[in-house]
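Novice: Read top to bottom, the protein sequences are chains Z and E. Counted the way this note's numbering counts, the first sequence spans residues 1 to 575. Counted the way this note's numbering counts, the second sequence spans residues 1001 to 1165.
Note that these hints are calculated values from the structure, not bench results. For glycine and all other residues, C-beta sits at the position ideal for the given N, C-alpha and C. Accuracy of the hints is not assured; some may be wrong.
[Said to hold, decoys possible] Distance windows between CB atoms, simulated: (1) D37/Z to S1042/E: 56 to 62 Å; (2) N317/Z to T1034/E: 31 to 37 Å; (3) A1036/E to R185/Z: 18 to 24 Å; (4) A1027/E to E529/Z: 52 to 58 Å; (5) E226/Z to D1054/E: 53 to 59 Å; (6) E226/Z to S1042/E: 41 to 47 Å; (7) K1161/E to Q41/Z: 55 to 61 Å; (8) N1041/E to D223/Z: 37 to 43 Å.
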Amino acid sequence: MTTELFTGAEMVVKSLSALKVKYIFGYPGGSVLDIYDAIFQQDEIEHILVRHEQAATHMADGYARATGEVGVVLATSGPGATNCVTGIATAYMDSIPMVVLAGQVATSLIGNDAFQETDIVGCTRPIIKHSFSCRSLADIPDAISKAFYIASTGRPGPVVIELPKDILIPQNKGPFSIETDIKIRSYNPNVNGHPKQIKKAVQAIARAKKLVIYSGGGIVLSDASELLTKLVETLKAPITNTLMGLGGISGTHEQFIGMLGMHGSLEANKSMANADVILALGARFDDRVTNNVEKFCPNATIIHVDIDPTSISKTINAHIPVVGLVEVVMQQLLDELSDINFSPDEVALTLWWQQINLWRNVKSMSYDQAENEKIKPQRVVEALYKITQGDAYVCSDVGQHQMFAAQHYPFAKPRRWINSGGAGTMGFGLPAAMGVKLAFPDKHVICITGDGSIQMNIQELSTCSQYKLPVVIVTLNNRSLGMVRQWQDMVYGGRHSSSYMESLPDFVKVAEAYGHVGIKIDHLDELEEKLTQAFNIKDRLVFVDVMVDEKEHVYPMQIRTGAIDEMWLKKGVKA
Amino acid sequence: MRRILAILMENEPGSLSRIVGLFSQRAFNIESLTVAPTDDNSLSRMTIATIGDDKVLEQIVKQVNKLIDVIKIIDITDRQHIERELLLVKVTAMTDKSRNEVKRITDIFRGNIIDIGKQVYTVQLTGNAEKLNAFITALQHETEIIESARSGCVGMARGDKALRI
Ligand SMILES: Cc1ncc(C[n+]2csc(CCOP(=O)(O)OP(=O)(O)O)c2C)c(N)n1
Ligand SMILES: [Mg+2]
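Next comes chain Z alone, as it looks inside the complex (with noise of 0.2 Å):
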């Protein structure tokens, strides 16, 4: 019996088939003609053609982030691979599960700057979880069954497999098989807490007088979020979420305290530097979160859970560690509680909840929208939220359009809520709505952007007309970089420096060049019904372009080398 022999980039796309793949988004080039050519003979894997390779990580991460499934890139050697690094690294700033195929020039060449060389294994070393060079076919199964391995399991990344020209052509054969039971004697995440930890963890929340529970995008990641609301409504304490975090629990929530950090609410930040126990879970304390970290909450116990040990400690020091999956960490925790016959102290929580309505009372995110005047974009996010009532996938781009829609965008639940968070990268936006809306045709995706960030991959408008991917796309359009001159207006004496967007382009006639209907808002009065018409076309792109107030700051906002709890409230005035 011969057993059959298949190319290498036959096996390229029998290993993603037998990984269940259904999307690869990427852009063809000279080393990876023959994977393409592999594509083309079968039906199981669609391609996603792109119009810039960056825009086929953004799309591969939307995906994985609304599906919780590993995204997949395909880009050609050199420049098609370099065009890849803004992705890949905004995917590893945010823990998303994706693996990258690069191709690469022959085996022989490397290294001899051959036509598109480019070392891409080297290029993104630090922005990977992990990375595999391959070098002969038989490579080629086990690289990438590790890949999506690696990439989705522990805390989730990015991952890279580089793919050399002369083995994926048609003259180099060999059998195929692939083992998708991986176990790596190197890698090995944590899963359970430390029973020892789970112990001292409760006996501090037991103890808490004001406790805060403070949770990031792990929870998300994980699909945590029921077990936190459970967990949350146990504690029956305050809960605040991290950018990356929103949707973790229900944002109409009576618990939920808003956002964190730089532009967070008052109630959250205040709550976390009154606090006497922190439980933070799946978060890691980024400094948009702490602020100066030498005044941070120094009267907490904080209690740190975590798949990640490196983000333990690493800023803010845990009195507590628990190091696993945050899921089953909570899940020990309630087990833990009940074991002792945890109930809240009563009356310690009633004066903390009083002292946590004062702060809310505040209305730290309020804005005033005079009848006459421009539209302020928040109003806009408003609106969003009453016409999709909650329910809507809300991919945003970066900048104070992004602050307006985590403030005034309550997420119902978890994976709605797709951003840029620790890269904060301009152009994530459409490509991420485009990958969002291919994984859920039937649900509202909206992407919020600016009138900057939209021209950073604008070119992916032609995609969405080759694919039939009609997202909502609502520029705030300010006609500036709004988010940079807000802190030339703050830090800068009010020098705009290279902040203005001069000759912005007609985005209604944009979107009509690329086939897809565009709507421009002028008026507050005419806001809500022109973007109810906009959510109304069902099968098509359409790019509403709302005129905003280009003066409206993002309040409130962190007074800088301050504590977490100092803030502007407004112009001029300190909470």
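Once you've looked at the hints, dock chain E with the ligands against the given chain Z.
Specialist: Frame of chain Z; chain E with the ligands shown alone:
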């Protein structure tokens, strides 16, 4: 504070660059680094001498451990351990006096003269970093050092303790 870290990792292309990259990416210090395959050829063992306070050290150990290729890392500084480094040093040995002095110092430090040229001696010495430093200083008093090469230290815990899979 100076620390000696022993690392056991997969002997694969790219493993070394990941470690070195990590140290520069996170602004960790490397005083010396040595690496070679172990008796089990699928594994490499690395010794890194580094400097940092407890907080930095904790991060280094955790970050290195997080690398997929790394099997184990231990900080051997605080336990009883053996630390050795190899020094090769070529010195001027033109006069009888300098030849005698080099020979004498080498004997005191229990090194070996392993090569001679027309006007030079090459000396080999093993020991910990401190001993090697002292030897170099002693030589400098008596003669001129033409070149020197140090291996960086390798380390191992004493007694039954072992770093293995
Ligand atoms: C790729 C990239 N370049 C630069 C920045 C710095 N940056 C952050 S926000 C911002 C302005 C964004 O402008 P726009 O998209 O119009 O959003 P707005 O703040 O006006 O809502 C800039 C330039 C960034 N985050 N990403
Ligand atoms: Mg703008």
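Novice: Which numbered conditions among the earlier hints are violated in the structure presented, ordered from lowest to highest?
Specialist: Hints 1 and 5 not satisfied by this model.
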